[in-house]
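There are 2 protein chains.
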Amino acid sequence: MRRLINNGYDVVEEMLEGYVKAHRDYVELLEHDNRVVVTKKKSNKPKVGIIIGGGSGHEPLFLGYVGENFADAAVVGNVNTSPSPEPCYNAVKAVDTGKGCLYLYGNYAGDVMNFDMGAEMAAEDGIRVESVQVKDDVYSSPNFNERRGVAGDIFVFKAAAAAAALGEDLDEVKRAAEKTNFNTRSMGVALSSSTLPATGQPIFEMADGDMEIGMGIHGEPGVRRTKIKPADEVVDEILSYILEDGKFTGNEEVYVLVNGLGSLPLMDQYICYRRVEQVLTEKGIKIYKSLVGNYATSMDMVGMSITLVKLDDEIKKWLDYPCDTPYWKVK
Amino acid sequence: MRRLINNGYDVVEEMLEGYVKAHRDYVELLEHDNRVVVTKKKSNKPKVGIIIGGGSGHEPLFLGYVGENFADAAVVGNVNTSPSPEPCYNAVKAVDTGKGCLYLYGNYAGDVMNFDMGAEMAAEDGIRVESVQVKDDVYSSPNFNERRGVAGDIFVFKAAAAAAALGEDLDEVKRAAEKTNFNTRSMGVALSSSTLPATGQPIFEMADGDMEIGMGIHGEPGVRRTKIKPADEVVDEILSYILEDGKFTGNEEVYVLVNGLGSLPLMDQYICYRRVEQVLTEKGIKIYKSLVGNYATSMDMVGMSITLVKLDDEIKKWLDYPCDTPYWKVK
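These protein sequence lines are chains A and B, in that order. Each residue of the first sequence is one higher than the last, beginning at 84 in my numbering. Each residue of the second sequence is one higher than the last, beginning at 84 in my numbering.
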């Protein structure tokens, strides 16, 4: 195991302790619940509370996107494990300003169950909480509603947060999330597993030199396992799935994310981005803006994913809305 | 090899192509020299030109720090190899506004030779170019002037760039760099080698489970090789070298960087930062600001380094000066 940790069972607490100290201008832990990271950059008028979360091990997702005009709180579970209902509920109590809250998280059964229980607890206090499960991993299911959430999360969160910052009500904020999600498609490739801190072992076996296109960030099965192909071929194959699924015809405008899963060098990510740009340009698809880097990882997994968001003026307005967090700033 | 590239000899050109496309609001390649990344956010008044550079494979160093009120150009060499004199010279021609230029780069023999030749070529055109070699790796030599430059680079670059943006002349800009460098100390730990794209092989052998404190980012020898220790012990040992070398007495104020070398998860980096904060607080050293993340890497090397910058009001002014680049924004 090539990790630099102390006790493998303390990683989440110790990471959170370090995170809130390093970014003390932005965030703090909730006093009575150290699994809830809350913004210090509170809006001075009532707004819908934006609460994101999920298992740890995907940093900077989720906690890295708590800040000004973005998430008001992140609820943090153990590694690859949903947070329990209590911190989901505590996050609502901490950020609700009377306009209700929106839970946003990747579509995984454990998260759905726990956030739903948090919402029920909040309902007993008379606070309305709605939920949007992000579904962007095109290979995880042909059925949109059964898809898992991966790096596309950040666009859905951003859109909802912008709508909330604009003063919209809960229904409208939820619509922003759902509309953006419906226009967001991702797919990835894994060249290794990540290493679980508690065991020091990989989650799954992947021989050095092998890769699996379409694999999920927790090792969920992909298209097939092969020897590692040249970057251009990998990008071409991933894009072919995304473009077909998204029914791209060639006049769209898109926001692009080439996302590193943890251990893929930035060098390789930019080489992949280069090919994404070539392919999209060839097809007449216009790149409006791009992000390249480790935005949603799986700890030390080697791999990357590509996300395309099909844009219209409304989605652009949300994604361009100024925000300030440690890991995504728009000015 | 777990890399996602095309031909191993094309990685730098392809990376640069991707980089300038992804960040087209910030930078472009020089038309007649595709190894020079220049800012599109030019100052509208004459200023000292800030030119940084070195070998590739340390992304986001160097190209990631070209932008507004930061570097005006980055000169890009092959992987772990100094750029040749021609692009060093071309960068001067591209950014000089009549006030001269400052070369800033890590103190490695190849870089010194090539940048010096670039400066001589510029001198023939009547353009004054000065150089500052960053020396921050405390374990690389007991003699300050023989030290290598590692992640502390970014603070030295930032200070010089701020002085330039403030309209200072070349001597004063150089003084800002030298003063900040003199107050900057770094040391790292490697848990693996990086992988050379051209060969697909590691630069050096490191067994899974081993680590070497004090190792350089190209595999230069460190203190000793041992089994991986708990993060807190590693941080304690690194800090003991830095604090002793910097003659810290306990009343200083510092800027802290916990820098990932490529493949160390953010989770681990924040766990390390947590310990840095504990140790410094215990010693009465005040943390003014902090950075955590992959600021200067060695591709897919697993490891991290710690940098402390001892602050006074002047260094604070430089490091707090607003800047906007893809990889470091201060507002």
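Among the hints, a few may not be true.
In silico SDA-like cross-links for lysine to any residue, where the CA-CA straight-line distance does not exceed 25 Å [stated by the list, open to error]:
hint, chain 1, residue 1, chain 2, residue 2
1, B, K412, A, P143
2, A, K124, A, N226
3, B, K366, A, Y404
4, B, K312, A, P285
5, A, K412, B, R107
6, B, K369, A, S214
7, B, K414, A, S373
8, B, K182, B, S126
9, B, K414, B, V162
10, B, K412, A, E114
11, A, K124, A, E114
12, B, K125, A, W411
13, B, K412, A, P285
14, B, K372, A, S214
15, B, K310, A, P143
16, B, K123, A, Y371
17, A, K176, A, S214
18, B, K414, A, D403
19, A, K400, A, G302
20, B, K372, B, K310
21, A, K414, B, D108
22, A, K400, A, L363
Calculated from the structure, these hints are not laboratory results.
Results for each hint:
1. B:K412 - A:P143: Within the cut-off at roughly 17 Å; holds.
2. A:K124 - A:N226: violated, 38 Å
3. B:K366 - A:Y404: Between K366 (chain B) and Y404 (chain A) the Cα gap is close to 42 Å, so the pair fails against 25 Å, i.e. violated.
4. B:K312 - A:P285: holds, 19 Å
5. A:K412 - B:R107: holds, 17 Å
6. B:K369 - A:S214: violated, 42 Å
7. B:K414 - A:S373: holds, 22 Å
8. B:K182 - B:S126: At roughly 13 Å apart (the allowed maximum being 25 Å), S126 (chain B) and K182 (chain B) satisfy the hint.
9. B:K414 - B:V162: violated, 32 Å
10. B:K412 - A:E114: With Cα atoms ~30 Å apart, K412 (chain B) and E114 (chain A) exceed 25 Å; violated.
11. A:K124 - A:E114: It holds: about 17 Å lies between the C-alpha atoms, which stays within 25 Å.
12. B:K125 - A:W411: holds, 24 Å
13. B:K412 - A:P285: violated, 35 Å
14. B:K372 - A:S214: Violated, at about 36 Å.
15. B:K310 - A:P143: Violated. K310 (chain B) to P143 (chain A) sits at ~28 Å, over the 25 Å cutoff.
16. B:K123 - A:Y371: At roughly 18 Å apart (the allowed maximum being 25 Å), Y371 (chain A) and K123 (chain B) satisfy the hint.
17. A:K176 - A:S214: Holds, at about 16 Å.
18. B:K414 - A:D403: holds, 18 Å
19. A:K400 - A:G302: violated, 35 Å
20. B:K372 - B:K310: Violated, because 32 Å separates the two Cα atoms, which is more than 25 Å.
21. A:K414 - B:D108: holds, 13 Å
22. A:K400 - A:L363: The hint holds at about 22 Å.
Hint check: violations occur at hints 2, 3, 6, 9, 10, 13, 14, 15, 19, 20; the rest are consistent with the structure.
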